[in-house]
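For the sequence shown, the residue numbers in this note's numbering are 1 to 253.
It cannot be assumed that every hint is accurate.
[Stated by the list, open to error] Lysine-lysine pairs mimicking PhoX-like chemistry, simulated, CA-CA at most 20 Å apart:
1. Lys28 x Lys17
2. Lys18 x Lys8
3. Lys28 x Lys9
4. Lys17 x Lys57
5. Lys167 x Lys112
6. Lys9 x Lys48
7. Lys8 x Lys21
8. Lys236 x Lys193
9. Lys8 x Lys51
Hints in this document: simulated from the structure, not taken from any laboratory.
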Amino acid sequence: MFPLERQKKIIDLLTIKKVLKISELTDKLNVSVDTLRRDLNLLTKQGKIEKIYGGVKIVESKFGESAIDERMISHLEEKESIARTCSEWINDGDCIFIDSGSTTYQIAKYIKNKKNLTVVTNSIPVITELMNTDVELIIIGGKIRKNEQSVVTFDYLFNFNELNILKAFICTSGITLERGISDYNVEEALTRKKIIERSKEIYVAADSTKFGKDVTIAIAPIEQINYIITDENVNKDLINEFRHTNTELIISE
Numbered sequence: 001m002f003p004l005e006r007q008k009k010i011i012d013l014l015t016i017k018k019v020l021k022i023s024e025l026t027d028k029l030n031v032s033v034d035t036l037r038r039d040l041n042l043l044t045k046q047g048k049i050e051k052i053y054g055g056v057k058i059v060e061s062k063f064g065e066s067a068i069d070e071r072m073i074s075h076l077e078e079k080e081s082i083a084r085t086c087s088e089w090i091n092d093g094d095c096i097f098i099d100s101g102s103t104t105y106q107i108a109k110y111i112k113n114k115k116n117l118t119v120v121t122n123s124i125p126v127i128t129e130l131m132n133t134d135v136e137l138i139i140i141g142g143k144i145r146k147n148e149q150s151v152v153t154f155d156y157l158f159n160f161n162e163l164n165i166l167k168a169f170i171c172t173s174g175i176t177l178e179r180g181i182s183d184y185n186v187e188e189a190l191t192r193k194k195i196i197e198r199s200k201e202i203y204v205a206a207d208s209t210k211f212g213k214d215v216t217i218a219i220a221p222i223e224q225i226n227y228i229i230t231d232e233n234v235n236k237d238l239i240n241e242f243r244h245t246n247t248e249l250i251i252s253e
């Protein structure tokens, strides 16, 4: 394995587990301690990891949204579980919207065999995942947001008024009962606002770490969300609180 490959593997492992011992990394990478230390020294200088006693930990961004590549492997088991549950709400013949994001991307993996399904999306990874299937694909025209691999600033090319979406599966960076759902990027938020307006049913797909966060840009109040699908690690007190709202909280297994 080349040094760059090892270093990427180290980041991938730390993105999942956050903290690893030196002995764990040497076992997983099958390298000597000296080789590992050279990699760790470089990653530390780059500000990607931090050395702690007996091991290392990932340096997480204190501000804003982490990159899509990091989120694709972070909390992956929970996101796959959420996506499987979302797919159970998608029927043959539906016209659905799949949002850009690491959780909604996973939905594409579970709907490839649906019959007469139309998917509207602004996610390039979703398009790639469904390209060689029988799913009818409509991509929103606009500007490419490269770091998120999504299409935004929809008013360039796309007429949303022509859409007739039955179910929209939306991502979010924050969920609170008081403020609803929110995101870091204004263009993503505007696209989601417009999709919510044009869709009959709104599903928010979000892992349990998103609850209790109210980030930069408000997207929609809880009253506009029909369903929130999350993982079983969600705070049990929240489950009771959602029973007093019109939004159904669905726990994936």
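Right, here's what the structure says about each hint:
Between the alpha carbons of Lys28 and Lys17 the distance comes to roughly 13 Å, so the proposed pair stays at or under 20 Å and holds. Simply put, Lys18 and Lys8 have alpha-carbon atoms about 14 Å apart, close enough for the 20 Å limit, and the pair holds. Distance hint between Lys28 and Lys9 is fulfilled; the C-alpha atoms sit about 9 Å from each other, no more than 20 Å. Restraint check for Lys17 and Lys57: the C-alpha separation of about 9 Å stays at or below 20 Å, so the hint holds.
With a C-alpha separation of about 17 Å, the suggested pair Lys167 and Lys112 falls inside the 20 Å cut-off, and the hint holds. Only pairs whose Cα atoms come within 20 Å are accepted, and Lys9 paired with Lys48 is accepted, the gap being roughly 13 Å. Proposed proximity of Lys8 and Lys21 is supported: the alpha carbons are some 17 Å apart, at most 20 Å. Distance check on the hinted pair: Lys236 and Lys193 sit about 29 Å apart at the alpha-carbon level, beyond 20 Å; violated.
Restraint check: the Cα-Cα separation between Lys8 and Lys51 comes to about 17 Å, which is no more than 20 Å; the hinted pair holds.
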